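Colleague: Here is what each chain is made of, one letter per residue.
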Amino acid sequence: MSRESILAALRQSEPPDPGLPEIEGRWQHFDDRATRFAAALEGAGGRCIRVPARPRIAAELQGLEAFRQARRRASVVDGLGDPNVSLGDLDDPRRLADVGFALLPGSLAVAESGAVWVDASDYLHRAVLFLPEHLGLVVRVPDLVDTLHQAYERIRFEGVGFGCFLAGPSKTADIEQALVIGAHGARSVTVFLVGRS
Amino acid sequence: MTHAERAALFAAEPGRSAWHDEALWSVRQRRDEAVRALPEWGRLVELAGQLKAHTLARLPDYLEQFESEATARGAVVHWAKDAAEHNRIVLGLLEERRVERVAKSKSMLTEECGLNPYLEARGIEVIDTDLGERIVQLRNEAPSHIVLPAIHLKRTEIGALFHEHLGTPAGESEPAALVAAARQDLRRRFLSAQAGITGVNFGIAETGGIVVCTNEGNADLGTSLPPLHIASMGIEKLIPRLADLSVFLRLLARSATGQPITAYTSHFHGPRPDAELHIVLVDNGRSALRAREAVREALHCIRCGACMNTCPVFRYGGGHAYGATIPGPIGSVLEPAKHPQHHASLPFACSGCGACGGVCPVGIDLPQQLQSLRAESGPQRGAMGLRAMSFAMRGRRRYALATGVMRLAQRLLPRLVIERMARGWTRDRALPQAARESFRSWWQKQERGR
Numbered sequence: 001m002s003r004e005s006i007l008a009a010l011r012q013s014e015p016p017d018p019g020l021p022e023i024e025g026r027w028q029h030f031d032d033r034a035t036r037f038a039a040a041l042e043g044a045g046g047r048c049i050r051v052p053a054r055p056r057i058a059a060e061l062q063g064l065e066a067f068r069q070a071r072r073r074a075s076v077v078d079g080l081g082d083p084n085v086s087l088g089d090l091d092d093p094r095r096l097a098d099v100g101f102a103l104l105p106g107s108l109a110v111a112e113s114g115a116v117w118v119d120a121s122d123y124l125h126r127a128v129l130f131l132p133e134h135l136g137l138v139v140r141v142p143d144l145v146d147t148l149h150q151a152y153e154r155i156r157f158e159g160v161g162f163g164c165f166l167a168g169p170s171k172t173a174d175i176e177q178a179l180v181i182g183a184h185g186a187r188s189v190t191v192f193l194v195g196r197s
Numbered sequence: 198m199t200h201a202e203r204a205a206l207f208a209a210e211p212g213r214s215a216w217h218d219e220a221l222w223s224v225r226q227r228r229d230e231a232v233r234a235l236p237e238w239g240r241l242v243e244l245a246g247q248l249k250a251h252t253l254a255r256l257p258d259y260l261e262q263f264e265s266e267a268t269a270r271g272a273v274v275h276w277a278k279d280a281a282e283h284n285r286i287v288l289g290l291l292e293e294r295r296v297e298r299v300a301k302s303k304s305m306l307t308e309e310c311g312l313n314p315y316l317e318a319r320g321i322e323v324i325d326t327d328l329g330e331r332i333v334q335l336r337n338e339a340p341s342h343i344v345l346p347a348i349h350l351k352r353t354e355i356g357a358l359f360h361e362h363l364g365t366p367a368g369e370s371e372p373a374a375l376v377a378a379a380r381q382d383l384r385r386r387f388l389s390a391q392a393g394i395t396g397v398n399f400g401i402a403e404t405g406g407i408v409v410c411t412n413e414g415n416a417d418l419g420t421s422l423p424p425l426h427i428a429s430m431g432i433e434k435l436i437p438r439l440a441d442l443s444v445f446l447r448l449l450a451r452s453a454t455g456q457p458i459t460a461y462t463s464h465f466h467g468p469r470p471d472a473e474l475h476i477v478l479v480d481n482g483r484s485a486l487r488a489r490e491a492v493r494e495a496l497h498c499i500r501c502g503a504c505m506n507t508c509p510v511f512r513y514g515g516g517h518a519y520g521a522t523i524p525g526p527i528g529s530v531l532e533p534a535k536h537p538q539h540h541a542s543l544p545f546a547c548s549g550c551g552a553c554g555g556v557c558p559v560g561i562d563l564p565q566q567l568q569s570l571r572a573e574s575g576p577q578r579g580a581m582g583l584r585a586m587s588f589a590m591r592g593r594r595r596y597a598l599a600t601g602v603m604r605l606a607q608r609l610l611p612r613l614v615i616e617r618m619a620r621g622w623t624r625d626r627a628l629p630q631a632a633r634e635s636f637r638s639w640w641q642k643q644e645r646g647r
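Top line first, the protein sequences correspond to chains H and C.
Number 18 in the numbering used here belongs to position 18 of the first sequence; there are no gaps in the numbering.
Number 350 in the numbering used here belongs to position 153 of the second sequence; there are no gaps in the numbering.
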């Protein structure tokens with residue numbers, strides 16, 4: 001069997017082992033993570049809207065053309081996003097194809113890069129991260145971290161699961177290095193950053 | 198054909214080389230800006246190199262750990278000793294489920310294994326979904342770059358291609374319009390695909406998870422709709438712990454395109470509800486490479502492409518000149534190390550400038566590896582001239598005599614004769630005129646004049 005022959009071949013040589021290093025260093029630090037996060041997200045083609053408290057998001061959503069024009073909307077954020085598509089009722093994720101706007105919770109976000117961690121382990125259809133035309137993400141200010149090093153201190157995978165860092169909308173520069181937003185996934189990503197820093 | 202012969206074909210079209218050089222240099226500059234903005238870059242490179250060396254040293258143990266963790270989370274792990282076995286395993290999985298249409302995301306490993314033609318010959322439609330890969334697939338070409346597969350093409354060429362295949366208006370070459378057409382076409386294909394195939398950027402021994410990075414979200418769409426996800430993973434893609442990702446992800450996109458992170462970084466741990474995840478671990482020459490000290494470090498590569506964007510030979514000669522799955526400096530180490538008979542000219546596709554070693558985010562000493570591969574291949578054409586030069590430079594009198602003769606020859610012999618002697622060096626540039634007098638004799642005169 002190839003498994004045994006590959007492992008046996010690998011065990012025939014013993015490259016030097018420098019040991020497993022601790023991930024330690026003097027990492028970037030931001031006094032104002034929220035401002036840095038918003039700037040990084042914009043650099044990634046996304047948009048950050050700061051709101052003092054969660055209920056305010058409803059009004060901000062109404063201000064988004066992508067949200068107003070979406071005929072079908074999905075939401076994984078309790079009480080927000082005005083959904084008319086229920087993920088739990090769909091037997092086939094392909095039926096998310098014409099969803100215009102989806103609102104999802106981000107459990108943490110990274111100031112250095114504008115990336116938001118969406119844990120979809122409990123979602124019936126993780127396609128809701130990728131198929132809708134436009135995405136809204138809800139992140140709390142206390143869930144902002146400086147860099148990926150702190151992010152991975154918080155990320156856990158118990159059992160079966162799926163999580164994704166989303167940094168702005170889908171994009172490509174495959175034609176003559178010209179940046180085009182909206183390759184396959186969401187054409188826009190709006191992050192609602194909740195709370196004061 | 199050798200690398201030099203293929204590069205000459207690429208360069209034959211006036212302006213093509215300079216245009217290609219400029220495109221890649223702009224990517225290199227974006228990388229430089231991103232790196233300069235990160236004070237801890239050096240520390241990250243150091244950690245990445247150590248993590249890779251450690252994983253490689255303990256690879257069989259980590260592979261077993263990965264297998265047992267991935268299995269515990271519901272994935273099925275397969276082992277393939279070579280490309281043929283990899284392709285058989287993938288075909289078997291697809292045939293058992295009567296799959297006829299596959300959405301594939303970018304994977305240099307499946308390119309290496311020749312998976313597409315293998316499956317197509319057996320009646321399975323494989324659609325590459327990364328835009329650049331889709332473009333080269335429609336042209337029946339291989340990618341010319343591992344991160345920017347269609348970097349060798351101009352927008353007008355892509356416009357003509359899309360006009361033919363996707364029905365865009367004739368003459369349309371605006372990138373936004375072309376991307377919109379591709380999005381529409383590929384959406385339809387995503388929705389009808391019965392399986393998704395992806396590569397793997399990182400496999401995590403600790404959790405049995407796999408991580409895939411894209412900017413387009415194509416790997417994610419390709420795997421979140423159909424009931425089968427097959428992930429092809431080279432055995433060197435392993436890292437020990439989840440937290441190690443923080444090091445590699447901070448390096449990868451910055452080195453590749455100058456972005457702090459890709460738009461999508463998906464972490465798969467086991468299959469979706471009611472779906473299957475199969476991970477195919479592929480050796481295909483990697484264990485042999487690992488046993489060779491001189492080239493072992495090349496297995497640390499995280500496929501960012503920075504060495505290609507930096508390399509003057511790549512920038513002027515194009516990626517197809519390498520005639521190999523992985524082009525550029527890293528390909529010039531990996532490919533001849535695996536298949537010396539096919540890729541003998543690649544270690545010589547090098548000006549010796551050393552720039553590739555300076556930008557590698559995992560600290561692979563590419564210049565040293567290329568040099569050792571050149572040394573292994575024995576004496577080369579032109580070695581006589583080099584030996585003569587080495588002899589002349591080893592003594593003051595010899596040097597003075599040799600340069601004196603050359604100076605005289607350049608003045609007395611017809612230019613054509615001189616250029617013949619200089620061989621390829623004068624094809625695209627003039628031989629500089631030697632000074633009438635040597636520095637040494639000029640200096641002596643100055644001293645005497647004081």
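Just so you know, these hints were derived from the structure itself, not from any lab.
One or more hints might be untrue.
[Unchecked claim] Examples of chain H residues lying across from chain C (beta carbon under 8 Å, computed):
1. L7
2. R11
3. R36
4. V51
5. A58
6. E133
7. L148
8. G161
9. C164
10. T172
11. Q177
12. A183
[Claimed, not checked] Distance windows between CB atoms, simulated:
13. C/Q226 to H/G25: 22 to 28 Å
14. C/R294 to H/T35: 48 to 54 Å
15. H/S13 to C/P366: 55 to 61 Å
16. H/T35 to C/M586: 24 to 30 Å
17. H/R26 to C/A215: 54 to 60 Å
18. H/G25 to C/L605: 58 to 64 Å
19. C/R294 to H/D32: 48 to 54 Å
20. H/P142 to C/A201: 20 to 26 Å
21. C/R298 to H/T35: 17 to 23 Å
22. C/A234 to H/A59: 34 to 40 Å
23. C/V273 to H/Q12: 24 to 30 Å
24. H/Q12 to C/A215: 46 to 52 Å
Source: prediction; values computed, not measured.
Note that beta-carbon positions come from the ideal geometry of N, C-alpha and C, so glycine has one too.
Colleague: If a hint holds in the structure, say so; if it does not, say that too.
Modeller: Cross-check of the supplied hints:
A distance limit of 8 Å between C-beta atoms decides the matter here; for H/L7 the minimum to chain C is near 5 Å, and the interface restraint holds. With its C-beta approaching chain C no nearer than about 5 Å, H/R11 sits inside the 8 Å limit, and its interface hint holds. The beta carbon of H/R36 is not positioned within 8 Å of any beta carbon in chain C (closest approach about 11 Å), and the interface hint is therefore violated. Interface restraint check for H/V51: the shortest CB-CB distance to chain C comes to about 24 Å, outside 8 Å, so the restraint is violated.
Taken as an interface hint, H/A58 does not check out: its beta carbon lies about 27 Å from the nearest beta carbon of chain C, beyond 8 Å. Annotation: interface hint on H/E133 violated; nearest CB of chain C at approximately 11 Å, more than 8 Å. The interface hint given for H/L148 is met, as the beta carbon of that residue sits about 4 Å from the closest beta carbon of chain C, less than 8 Å. Because the smallest distance between the Cβ of H/G161 and any Cβ of chain C comes to about 5 Å, under 8 Å, the interface hint for this residue holds.
A least Cβ separation of about 5 Å between H/C164 and chain C falls short of the 8 Å threshold, and the interface hint therefore holds. Evaluation of the H/T172 hint against chain C yields a held restraint, the C-beta minimum of about 5 Å falling below 8 Å. Here the hint on H/Q177 is kept, as its CB sits about 6 Å from the closest CB of chain C, short of 8 Å. With a cut of 8 Å, the hint placing H/A183 at the interface with chain C holds, because the nearest CB-to-CB distance is about 4 Å.
Between C/Q226 and H/G25 the CB atoms are about 26 Å apart, so this pair conforms to the stated range of 22 to 28 Å. The supplied range of 48 to 54 Å is met by C/R294 and H/T35, whose beta-carbon atoms lie about 50 Å from each other. At roughly 58 Å, the beta-carbon separation of H/S13 and C/P366 lies within the given 55 to 61 Å, and the hint holds. Between H/T35 and C/M586 the C-beta distance comes to about 59 Å, which lies outside the given range of 24 to 30 Å.
Checked against the hint of 54 to 60 Å, the C-beta distance between H/R26 and C/A215 comes to roughly 42 Å, which is inconsistent with it. For the hinted restraint 58 to 64 Å between H/G25 and C/L605, the CB-CB distance of approximately 60 Å keeps it satisfied. Distance hint for C/R294 and H/D32: a CB-CB separation of about 52 Å, consistent with the stated range 48 to 54 Å. At roughly 59 Å, the beta carbons of H/P142 and C/A201 sit outside the given window of 20 to 26 Å.
In this structure the supplied range 17 to 23 Å is violated for C/R298 paired with H/T35, their Cβ-Cβ distance being about 46 Å. C/A234 and H/A59 have their C-beta atoms about 36 Å apart, which keeps the hinted 34 to 40 Å range intact. Between C/V273 and H/Q12, the C-beta spacing of about 27 Å keeps the proposed range 24 to 30 Å intact. The given range of 46 to 52 Å is respected by H/Q12 and C/A215, whose C-beta atoms sit roughly 49 Å from each other.
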